[in-house]
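**Q** On the provided structure of chain A, position chain B as indicated by the hints.
From first to last, the protein sequence lines are chains A and B.
Numbering of the first sequence is given in my numbering, commencing with residue 1 and proceeding in unit increments.
Numbering of the second sequence is given in my numbering, commencing with residue 317 and proceeding in unit increments.
These aren't lab readings, by the way, just hints derived from the structure by calculation.
Just so we're clear, the structure is a prediction, and the values are computed from it rather than from any experiment.
There's no promise every hint is true.
Said to hold, decoys possible - Here's a subset of chain B near chain A, in silico, CB distances under 7 angstroms, partners left out: (1) Leu382; (2) Ala490; (3) Gly517.
To be verified - Negatives, chain B to chain A, calculated, CB over 10 angstroms: (4) Val530; (5) Ala559; (6) Gly601; (7) Val651.
Note that beta-carbon positions come from the ideal geometry of N, C-alpha and C, so glycine has one too.
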Amino acid sequence: MRPVRTAFAGALLGTLVLAGCGQTGTTASPSATAPTSTSAATGGFPVTIEAGNGQVTIAKKPERIVSLSATHTETLFAIGAGPQVIAVDAASNHPPEAPKTDLSGFKPNVEAIVAQKPDLVIVSDDLDQVVKELGKVNVPVLHQPSATKLDEAYEEIAELGAATGNKAKADEVVAGMKAAMDKLAAEAPKAGKLTYYHELDQTPYAATSQTFIGQIYAMFGLTNVADKAPEAAGGYPKLSAEFVAQADPDLIFLADVKCCRQSKETLAERPGWKNLSAIKNDRVVQLDDDIASRWGPRVVELAETIGAAVAKAGAS
Amino acid sequence: MVTQAGPARARPLWVAGALGVLAVSMIAGLLDGAADISPWQVVLQVVDWLPVTRVDSGLAPVEQMLLFELRLPRVLVAAVVGGLLAMAGAGYQGVFRNPLADPYLLGAAAGAGLATTAAIVLLPSVAGSIPVAAFVGAVGGVFLAYTLGNTAGRAGGTATLVLAGVAVTSFLTAIQTFIQQFNVEELQRIYSWILGDVGGGWDQLWLVLPYAVVSTVVLLLHGRMLDVLSVGDEEATSLGVRAGRVRFTVLLAASLATAAAVAVSGLIGFVGIVIPHVVRRLAGGSYRIVLPLSLIGGAAFLVLADLVARTVLAPAELPIGVVTMFVGAPFFVGVLRMTRRTVT
Numbered sequence: 001m002r003p004v005r006t007a008f009a010g011a012l013l014g015t016l017v018l019a020g021c022g023q024t025g026t027t028a029s030p031s032a033t034a035p036t037s038t039s040a041a042t043g044g045f046p047v048t049i050e051a052g053n054g055q056v057t058i059a060k061k062p063e064r065i066v067s068l069s070a071t072h073t074e075t076l077f078a079i080g081a082g083p084q085v086i087a088v089d090a091a092s093n094h095p096p097e098a099p100k101t102d103l104s105g106f107k108p109n110v111e112a113i114v115a116q117k118p119d120l121v122i123v124s125d126d127l128d129q130v131v132k133e134l135g136k137v138n139v140p141v142l143h144q145p146s147a148t149k150l151d152e153a154y155e156e157i158a159e160l161g162a163a164t165g166n167k168a169k170a171d172e173v174v175a176g177m178k179a180a181m182d183k184l185a186a187e188a189p190k191a192g193k194l195t196y197y198h199e200l201d202q203t204p205y206a207a208t209s210q211t212f213i214g215q216i217y218a219m220f221g222l223t224n225v226a227d228k229a230p231e232a233a234g235g236y237p238k239l240s241a242e243f244v245a246q247a248d249p250d251l252i253f254l255a256d257v258k259c260c261r262q263s264k265e266t267l268a269e270r271p272g273w274k275n276l277s278a279i280k281n282d283r284v285v286q287l288d289d290d291i292a293s294r295w296g297p298r299v300v301e302l303a304e305t306i307g308a309a310v311a312k313a314g315a316s
Numbered sequence: 317m318v319t320q321a322g323p324a325r326a327r328p329l330w331v332a333g334a335l336g337v338l339a340v341s342m343i344a345g346l347l348d349g350a351a352d353i354s355p356w357q358v359v360l361q362v363v364d365w366l367p368v369t370r371v372d373s374g375l376a377p378v379e380q381m382l383l384f385e386l387r388l389p390r391v392l393v394a395a396v397v398g399g400l401l402a403m404a405g406a407g408y409q410g411v412f413r414n415p416l417a418d419p420y421l422l423g424a425a426a427g428a429g430l431a432t433t434a435a436i437v438l439l440p441s442v443a444g445s446i447p448v449a450a451f452v453g454a455v456g457g458v459f460l461a462y463t464l465g466n467t468a469g470r471a472g473g474t475a476t477l478v479l480a481g482v483a484v485t486s487f488l489t490a491i492q493t494f495i496q497q498f499n500v501e502e503l504q505r506i507y508s509w510i511l512g513d514v515g516g517g518w519d520q521l522w523l524v525l526p527y528a529v530v531s532t533v534v535l536l537l538h539g540r541m542l543d544v545l546s547v548g549d550e551e552a553t554s555l556g557v558r559a560g561r562v563r564f565t566v567l568l569a570a571s572l573a574t575a576a577a578v579a580v581s582g583l584i585g586f587v588g589i590v591i592p593h594v595v596r597r598l599a600g601g602s603y604r605i606v607l608p609l610s611l612i613g614g615a616a617f618l619v620l621a622d623l624v625a626r627t628v629l630a631p632a633e634l635p636i637g638v639v640t641m642f643v644g645a646p647f648f649v650g651v652l653r654m655t656r657r658t659v660t
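Chain B on its own, in the form it takes in the complex:
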């Protein structure tokens, strides 16, 4: 793992650049969609929404409503979810000092998958049961893996924790598959939840936002600690950092971020592992820069992925998970190749 930070004065530039990319992505996401509305009319309509200005966009009420109730929150949810997943991925990679760590490493995905499947099968009529179930499941999965990992192995050891995550994932997935087996008619709903969706409207945004804020603040504050941890537990201890406590706090915040993201959007793959690596390749390995840039970069990436998902076959849609993996993998390989010589 690279520990060397980039030159300190370059950081604001990187952050400003990333924010620029995010802004462009979000504007693009707002301008295009399956409904046949010209970008210019969207611009007029957005100006009309602003508190002081009144412009006639020429849009029918139903079209104004779909922009405000569907497209706008969708772009925002995609941004929040993408940012959370990428930042959580960076956090996990820091805690485990493992480049393959992703937000789903500790059983969050399997726990959420099981709980959601159970909710779809057992509580089909309860509105809003899926996000709650996914959240509880994700937190439960991580809790199970963490408890197992800490009781089975040396306390605070990361290897046992990862193995516990693998075991918990298999076990919970087995139960989920068992439930599915006896409710085959629900397969399609479960499957489409797994492939991810960010089209839940404002409700989903309000649902995810509190967790997003808390976990973001906690993670961003721990960038320096993760830098210290990356040299090894003993060295960190000698520098006055309590490795176990830092690890626990970062895991808690990253898992909260993951659970919140999974709750509103399903299991969107690839964002959490790729974005932090791309950031590291471009801007250096210090967590003080990797965490904020992952947050912004993940947001921009998922907004663009969702834009592709809802326009490429319009008016039909692709599941967003398909896009993140199909577009993300070659993009990742490209970045790896381009930066081969600069960072190892």
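So that you can see chain A by itself, here it is in the shape it has in the complex:
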């Protein structure tokens, strides 16, 4: 009796939810419009962008942009699209002038987003089917997922430029980033003997060289101790504390400074870690958690921090 009743209630609930979604839905989805050449006249619009959610066509220069991604908020302001941005999500804490709201990128509420009357919504994660739901109410959405390579990060910045009518400035930003990164890579000491450990939290979760951030470390010829973890453990393995102690990395980069107040001192208090050479030689680098977890224009700042630490370690 009970399972049947439960199943029925489930079905009923499902129908209600579907009906609720259906009411707002209309036939024309923004991506269904005929693709137009990006190099058309009138400021380049309409443009078609190849995003994570397929081809998205934007008819005219957006003036009411909502960003639900801290990375993309940074990019929008860096490429001069700031004045067009009307709302950003609660996690978008940079730059300070971004119009922060309590919109959530993790648990997006479609009604609250639509209430901002956006003409373009930018997300980095398609959670709770937000892309599809916004499509039903004819709001164009760009889904630009986390970059796994530096080139993807550049590409996303250029695409945001094209989508917002700031192509020239965006290309300039990308060119500047590339030049800065090339310069840092060229200046990096090529000894190639230094090992490092990049910590995400004190569990400790680490990042391997397969990740976006791991590739930035690789620019400086550093060897990641977390790469010994088997592939099954993924790009962000939970490492064994005794393994880190034995590996004794030359450099330790902490990306759990803001969240968890980790420092050289707190590392030394962990069982078995106080004799680590990175702690004794003062080579524990406190990164900015935000910069170290985003793939926007401030990647250059991250690379500069790493480069400076490597140069210091290489010099002594």
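**A** Here is chain B on its own, set in the frame of chain A:
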């Protein structure tokens, strides 16, 4: 529930056997790990630690330190936590006469989860706030459930108490989820705490030990009382046992054990429900044997589970809760099948 005790003379044998298994587990736990140190060197190093002997193990100071500061306390914490959870589970099952009772039945897990989440969100910089919060939360959750259960229903009734536990669990979990919702960036920390970890070093061991000793002594002394209770409250009363008082004392001790375990290791599942049942299947249903064997068996089980957790993907680790559930469930089913005919 089975009340029949095994033959009295078999008990020391069972206990000796279980202690043997525990010793083997702990030695295995000490010999292997993510750091690349040969078992022989570990043996030499352990001999070197002994007060009178001095041997050169050939280990670098950093390696000696990781053995002493990380691996050794980890094995000990796993043993204490596993023993406490299994023994507390047996105690709860005795009090509620319910085979599905586990240490988290009365809201200990939800209370600890809420308090820990709050500590992670509100006091990120206070070192050592998590174990204290988890302990207070676990005790608070049980207290809430107990008070509610006793005021809402017939005093001393077990059914209302269980229902109160369910209500308190849902309510506290809702608040925890609400806090999490607005601090999504802390999700990973909360999640990894929930899945359990016994790698906290000596500090964690000293933290848990006093509670462990007190609750163990109290619970072990109540084995006979629980045997009497298992025939029913009225019969127990006619035998001169004050059911309400026994129940309260056992609940208090088991909850203290649970809270202490949760404080240092998070919410490790399955140990508290499975080990007592395995023990019951193998050695009979008297609480005089179930409680001590659960203590020893739970300790051995968690030491082995932790060994698997830190070696199977080395140098990466699995959360220990994943191992206890993944390995424990088939093991449990196996024991149920094997003993199908002997005990019902």
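**Q** Now look at each hint and say whether the structure bears it out.
**A** Verification of the supplied hints:
1. Leu382: holds (4 angstroms)
2. Ala490: Hint on Ala490 (chain B): violated, closest Cβ of chain A at ~15 angstroms, above 7 angstroms.
3. Gly517: holds (3 angstroms)
4. Val530: holds (25 angstroms)
5. Ala559: Nearest chain A Cβ is 32 angstroms from Ala559 (chain B), so the label holds.
6. Gly601: holds (31 angstroms)
7. Val651: About 29 angstroms separates Val651 (chain B) from the closest Cβ of chain A, which puts it past 10 angstroms; holds.
Checked against the numbered hints above, the structure breaks only hint 2 and satisfies the rest.
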